[in-house]
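Start from the sequences and build out the full structure, keeping to the hints where you can.
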Amino acid sequence: MNPLQAIGRVFLKFLGTTGRLISFMTLGLSHIVRPPYYPRIILRQMIDIGYYSLPVVGLTAVFAGMVLALQSYTGFSRFSAEGAIANVVVLSITRELGPVLAGLMVAGRIGASLAAEIGTMRVTEQIDALTTLSTNPMKYLVTPRLIAGITMFPLLVLVADVIGVFGGYLVAVYKLGFNPANYLQNTWDFLTAEDVNSGLVKAAVFGFIVSLMGCYHGYNSKGGAQGVGTATTNAVVSASILILCSDYILTEMFFAK
Amino acid sequence: MADTPKIQLRDVAKSFGRKVVLNGIDLDVGVGESVVIIGGSGTGKSVMLKSILGLMTPDRGSIKVDGEEVIGMSTSERERVNHKFGMLFQGAALFDSLPVWENVSFGLLAEKRCDRKQAHEIAVQKLAQVGMNADVADLMPAELSGGMQKRVGLARAIAADPEIIFFDEPTTGLDPIMADVINDLIVKVTREVGATALSITHDMASARKIANRVAMLFEGKIIWQGPVEDIDHSGNAHVDQFIHGKADGPIQMAVRA
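Chains E and C are the protein sequences, given in the same order. Heads up: the first sequence runs through residues 14 to 270, numbered per my numbering. Heads up: the second sequence runs through residues 33 to 289, numbered per my numbering.
No wet-lab data here; the hints were simulated from the structure. Treat the hints loosely; a few may be bogus.
Dumping the calculated DSS-like pairs for lysine-lysine here, alpha-carbon to alpha-carbon at most 30 Å [unchecked claim]:
id : chain 1 : residue 1 : chain 2 : residue 2
1  : C       : K116      : C       : K96
2  : E       : K26       : E       : K235
3  : E       : K235      : C       : K51
4  : E       : K26       : C       : K51
5  : C       : K82       : C       : K51
6  : E       : K235      : C       : K82
7  : C       : K278      : C       : K241
8  : C       : K241      : C       : K96
9  : C       : K241      : C       : K253
10 : C       : K96       : C       : K253
11 : C       : K241      : C       : K82
12 : C       : K51       : C       : K278
13 : E       : K26       : C       : K82
14 : C       : K149      : C       : K116
15 : C       : K253      : E       : K235
16 : C       : K253      : C       : K116
17 : C       : K51       : C       : K253
18 : C       : K116      : E       : K235
Pairwise CB distance ranges (calculated) [to be verified]:
id : chain 1 : residue 1 : chain 2 : residue 2 : range
19 : C       : D193      : E       : T264      : 50 to 60 Å
20 : C       : G74       : E       : Y261      : 14 to 24 Å
21 : C       : G104      : E       : R47       : 13 to 23 Å
22 : E       : A206      : C       : G104      : 27 to 37 Å
23 : E       : G29       : C       : K51       : 41 to 51 Å
24 : C       : Q157      : E       : T264      : 57 to 67 Å
25 : E       : V23       : C       : Q157      : 55 to 65 Å
Okay, the calculated bits of chain C under chain E, using three or more residues with CB under 8 Å as the criterion [what the hints assert, rightly or not]:
id : region
26 : 79-86
27 : 139-148
All C-beta atoms in this analysis are idealised placements derived from N, C-alpha and C, irrespective of residue type, glycine included.
Written out as structure tokens, the structure reads:
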């Protein structure tokens, strides 16, 4: 095949997929403001995405904070700047590591689970059954998961921020011998509302991405078990890549001078 | 108008790429009639059914339900028409995250025709209609055998007292005795509800039991239709070969050496 023809084919396929994704996203979001609503399902999804992700997010955050304090100490001690560790930890956790690590971890947990659940419903005709029972599958399956993703991720990241800073505190105080009161004071003094807010906005965007990718790939899965497996992989990979891309764009928007 | 067919298909065609699946289907299903579409695997039976249900859009042609054109309807209009339908899927397509009773009364709850307590009571009544005990109501679908899942699917199909019930391969995957039990139930509940029935199957025992009229689909067209009593002397070589399950005849299966 002509190389130009191959490139053109890939490009057209990319445009087609992008168009379908945007159409799917618009439809899913439009149902947020159009009744009927399914509060019971939204609540169940909030518990699944938010509450059950707490252990994963908490463990990730505490170790990220601990490693960060340890690594910062190793580097900063060369310049006698150990006092800045509290600042580096809180800034890194709230602005970057909290949202990004929580996003990636939950992308693995929730993105895969949403794609597998909805994908299985697709291949076993459960989505067709919803339509025959006068229930819009987008409204019943996709919109509640988008709402839960957008609202629960910021709460998870808020928890990750607190636990991550606490991880840094543990290492700084109990291993590196920092004064606890001074460490906390430095943390508090250096923290601004903008740092936390930017992290929470990122979290809402990441939550949306993870839910959207899980639902999109699951909803459009084809074939049997293999199709569901492919959908699950695609959901996690695409959500992870989009999280990292959108993280750069959001950081540029918030902090670029 | 008493003469208006409950379902009317005219010149319905559907292709997937170069593969022509439906090639100009004409079919009328009268009020209270039970029509069974027979035909080999891959002849387009499921595509035809999905086109009527609005799960697929034909490339051309007209589909009318109670004289109302359904192709090109808006989503909300389609949902209104779907209120008339009940559907038993080939694999039952029960929602595996919901208990049996909620599966059965899903349509009623979705349309807010009753509260959850009443929905439970109706579900138990409908389960009794298909010969199941009340204690099944609180089980999850995964705890049921294939035959029991089919019965629950049948209870769900009749729960909202539909005007038209569709049966997609109702006896596939069942042993001969359970298949006969399901056939008897289909005849019984369709009469009790007073519904029109359109079924697709390649199980001739099932077709003979539940049909008033049989139509045979071959290469995307209805090649013969008539009362079920006439099927053994249809004068059509394709029908004869199919109903007797002979390898020799005008229908040639693609078999790899």
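Outcome of the hint check:
1. C:K116 to C:K96: 13 Å, holds
2. E:K26 to E:K235: Satisfied, since the Cα-Cα distance of roughly 17 Å is no more than 30 Å.
3. E:K235 to C:K51: Distance of about 18 Å is within 30 Å: holds.
4. E:K26 to C:K51: Roughly 21 Å between the alpha carbons, so the hint for K26 (chain E) and K51 (chain C) holds.
5. C:K82 to C:K51: Measuring from Cα to Cα gives roughly 17 Å; hence the hint holds.
6. E:K235 to C:K82: Holds - the C-alpha atoms of K82 (chain C) and K235 (chain E) are around 16 Å apart, at most 30 Å.
7. C:K278 to C:K241: 21 Å, holds
8. C:K241 to C:K96: 27 Å, holds
9. C:K241 to C:K253: At roughly 24 Å apart (the allowed maximum being 30 Å), K253 (chain C) and K241 (chain C) satisfy the hint.
10. C:K96 to C:K253: 18 Å, holds
11. C:K241 to C:K82: Measuring from Cα to Cα gives roughly 23 Å; hence the hint holds.
12. C:K51 to C:K278: Given that 30 Å is the threshold and the Cα spacing comes to 26 Å, the pair holds.
13. E:K26 to C:K82: OK: K26 (chain E) and K82 (chain C) at ~27 Å, within 30 Å.
14. C:K149 to C:K116: Holds, at roughly 24 Å.
15. C:K253 to E:K235: Given pair K253 (chain C), K235 (chain E) holds - Cα atoms ~27 Å apart, limit 30 Å.
16. C:K253 to C:K116: Cα-Cα ~26 Å, so holds.
17. C:K51 to C:K253: 14 Å, holds
18. C:K116 to E:K235: 29 Å, holds
19. C:D193 to E:T264: 50 to 60 Å: 58 Å, holds
20. C:G74 to E:Y261: 14 to 24 Å: Distance hint for G74 (chain C), Y261 (chain E) is violated at roughly 49 Å.
21. C:G104 to E:R47: 13 to 23 Å: 21 Å, holds
22. E:A206 to C:G104: 27 to 37 Å: Violated - the Cβ-Cβ distance for A206 (chain E) and G104 (chain C), about 53 Å, lies outside 27 to 37 Å.
23. E:G29 to C:K51: 41 to 51 Å: 20 Å, violated
24. C:Q157 to E:T264: 57 to 67 Å: 59 Å, holds
25. E:V23 to C:Q157: 55 to 65 Å: 57 Å, holds
26. 79-86: holds (count 3)
27. 139-148: holds (count 4)
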